[in-house]
Amino acid sequence: MSSRQSLNSWKKLEILAEEKQSQHMNDLFANDSQRFDKFSIELPKLLLDYSKNLIDSDVMTALFALADECEVTQWRKKMFAGDKINKTEDRAVLHTALRRSDTTPLWVDGENISESVASQLTKMEDFVNRVRQGHWLGYSGKRITDIVNIGVGGSNLGPQMVTEALKHYSDNSVNVHYVSNVDGAQIVEILRPLDPEKVLFIVSSKTFTTTETMTNAKTAINWLTASSFDDKSVAKHFVAVTANKENAMSFGIEADNIFDMWDWVGGRFSLWSAIGLAIALDLGFDKFKDLLAGANEMDQHFADAPIEQNMPAIMALLSVWNTTFLGAKSQAILPYDQTLHMLAAYLQQAEMESNGKSVSWDGDEINYATVPSIWGELGINGQHAFYQLIHQGTDIIPCEFMIAAQGHEPDLAHHHRLLVANCLAQSEALMRGRTKAEALSLLAESGFAMEELERQAEHRVFPGNRPSVTLIYPQLTPYVLGQIIALYEHRVFVEGVILGINSFDQWGVELGKELAKSLEPMVDGSKGCDGKDGSTASLIAFVLEQRH
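If you count the sequence shown from 1, position 222 lands on 237 in the working numbering, and the numbers rise without skipping.
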């Protein structure tokens with residue numbers, strides 16, 4: 016890979032970044048009455064306003080040129096065609112195939128995966144209907160009332176985020192619970208009030224060897240068999256989602272109760288597959304299909320729209336501009352929507368596990384900033400927690416606001432109006448700021464005078480000029496949520512291409528797992544700590560001492 020920094024567009028953006036940091040967005044708005052029209056994009060059910068960024072036509076032209084020099088459109092075509100763009104694992108990247116409306120064949124390693132996906136969706140629909148309608152019975156003949164999804168990472172974050180986000184659409188035919196933490200406190204707390212005769216477990220693990228997941232699954236089996244006194248009850252209460260059917264069957268799960276995963280779907284992009292069983296069980300399969308349809312709508316936009324009018328591409332380019340060229344270290348996700356309270360956690364994995372790398376796809380060391388740290392919280396809660404930092408802190412933190420035009424509680428419409436007003440006010444305040452003259456005027460009206468007036472004013476100055484985007488949608492439905500999730504998935508992909516990163520492996524996750532396995536016998540006291548550094552050995556010694 017030729018160095019990204021040698022590209023003409025990259026060099027141009029470095030020059031523009033120096034120039035723009037001396038400008039203020041207030042002036043950019045004052046000098047251009049068409050700024051919003053130029054720097055916003057509207058799709059069916061989504062409006063993205065990105066005008067509150069330190070950009071102008073020159074910057075956007077240079078960013079689009081960067082996308083062109085990095086061959087984003089060519090890589091986009093390769094992804095949708097099933098080329099093996101995940102080079103380190105020699106895999107295609109085809110989570111988009113999980114929600115295709117097009118049934119034309121799509122071939123990967125000699126297999127028409129369109130048929131495989133359709134077959135699994137049919138199997139999922141049949142399973143979901145049987146459970147929700149009370150035809151799937153537990154070992155004692157009782158209907159299933161509770162679903163416990165056991166998984167970690169992509170097998171947990173995506174499904175749980177969607178389940179929480181779409182609570183308004185659940186008919187409560189079943190209750191869905193999630194276990195991801197190997198800390199036994201979580202599974203004990205979830206299982207305590209449940210009836211073993213009425214619980215169905217979904218164990219999701221691509222390899223069916225993931226330590227955290229399998230530890231929790233074994234605890235769940237012990238809990239079940241302690242009630243049923245019969246190992247065969249596992250067949251009535253466990254299903255698996257995995258690429259390793261052999262391991263799942265050895266675990267006691269019947270072949271008919273195993274749903275497929277494929278190596279061309281990464282875990283953090285997998286909620287559209289049988290990994291989303293818990294979502295479909297909670298919402299019903301029709302609403303699950305609405306989620307897929309919304310994602311497919313975004314797929315079609317991303318695949319067909321030119322980069323200059325492409326919502327995921329524009330969001331990716333803005334992130335690269337703010338992070339790599341303007342030096343932002345983190346980025347805040349700020350949904351003004353109670354149902355999206357897990358979105359920031361979900362996007363942390365989507366962004367940071369994908370692009371949190373310092374090695375290019377050719378194995379070269381990267382010496383420019385890549386993905387920012389992703390964090391965030393519900394907007395109103397954040398206003399009373401960390402917004403002080405984003406308004407007046409020394410670091411500039413690009414913010415992403417999200418708000419529905421209409422809430423889910425018609426009898427409390429005034430609540431939603433207040434929510435919208437707060438969301439829009441915060442993005443305006445971050446952009447506008449407050450001058451010292453404005454602060455002095457406000458304080459004078461409040462009765463301050465002389466030296467105290469001057470002293471107080473210093474603390475009430477806001478620099479402004481802090482970038483944000485605002486995403487507005489009519490109401491958060493399964494379809495709209497599908498659009499939003501796919502929007503971020505494609506944004507991650509474009510960022511990876513621009514930065515020269517393979518967004519679809521995660522080798523940085525592995526080292527800690529390997530070391531944890533070697534530490535287990537030391538932590539249980541069956542093996543000494545020879546060869547370990549002084550810190551680790553001393554920490555283990557303290558744990559053993561406190562335990563005994």
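The hints are simulated quantities; they were obtained by calculation from the structure and are not laboratory data.
There could be a bad hint or two in this list.
[What the hints assert, rightly or not] Quick list of in silico lysine-lysine cross-link-like pairs, DSSO-like style, CA-CA up to 27 angstroms:
(1) LYS251 / LYS157
(2) LYS451 / LYS532
(3) LYS547 / LYS260
(4) LYS60 / LYS99
(5) LYS528 / LYS547
(6) LYS138 / LYS251
(7) LYS99 / LYS302
(8) LYS102 / LYS92
(9) LYS60 / LYS302
(10) LYS304 / LYS92
(11) LYS233 / LYS260
Quick rundown of the hints versus the structure:
For the given pair, LYS251 sits about 11 angstroms from LYS157 by alpha-carbon distance, which is consistent with the 27 angstroms threshold. Distance restraint check for LYS451 and LYS532: the Cα-Cα separation of roughly 58 angstroms exceeds the 27 angstroms cut-off, and the hinted pair is therefore not satisfied. Under the criterion of a C-alpha separation no larger than 27 angstroms, the hint pairing LYS547 with LYS260 is inconsistent with the structure, at around 37 angstroms. Straight-line distance between C-alpha atoms of LYS60 and LYS99 comes to about 33 angstroms, which puts the hinted pair past the 27 angstroms bound.
The suggested pairing of LYS528 with LYS547 holds, with an alpha-carbon distance near 16 angstroms, which does not exceed 27 angstroms. Proposed proximity of LYS138 and LYS251 is supported: the alpha carbons are some 17 angstroms apart, at most 27 angstroms. Restraint check for LYS99 and LYS302: not satisfied, since their Cα atoms lie roughly 32 angstroms apart, outside the 27 angstroms limit. Between LYS102 and LYS92 the CA atoms are separated by roughly 16 angstroms; this keeps the pair inside 27 angstroms, and the hint holds.
Our distance criterion of 27 angstroms between C-alpha atoms is met by LYS60 and LYS302, whose separation comes to about 17 angstroms. A distance of roughly 25 angstroms separates the Cα atoms of LYS304 and LYS92; the hinted pair therefore holds under the 27 angstroms criterion. Taking the CA atoms of LYS233 and LYS260, the gap is near 17 angstroms; set against the 27 angstroms cutoff, the hint holds.
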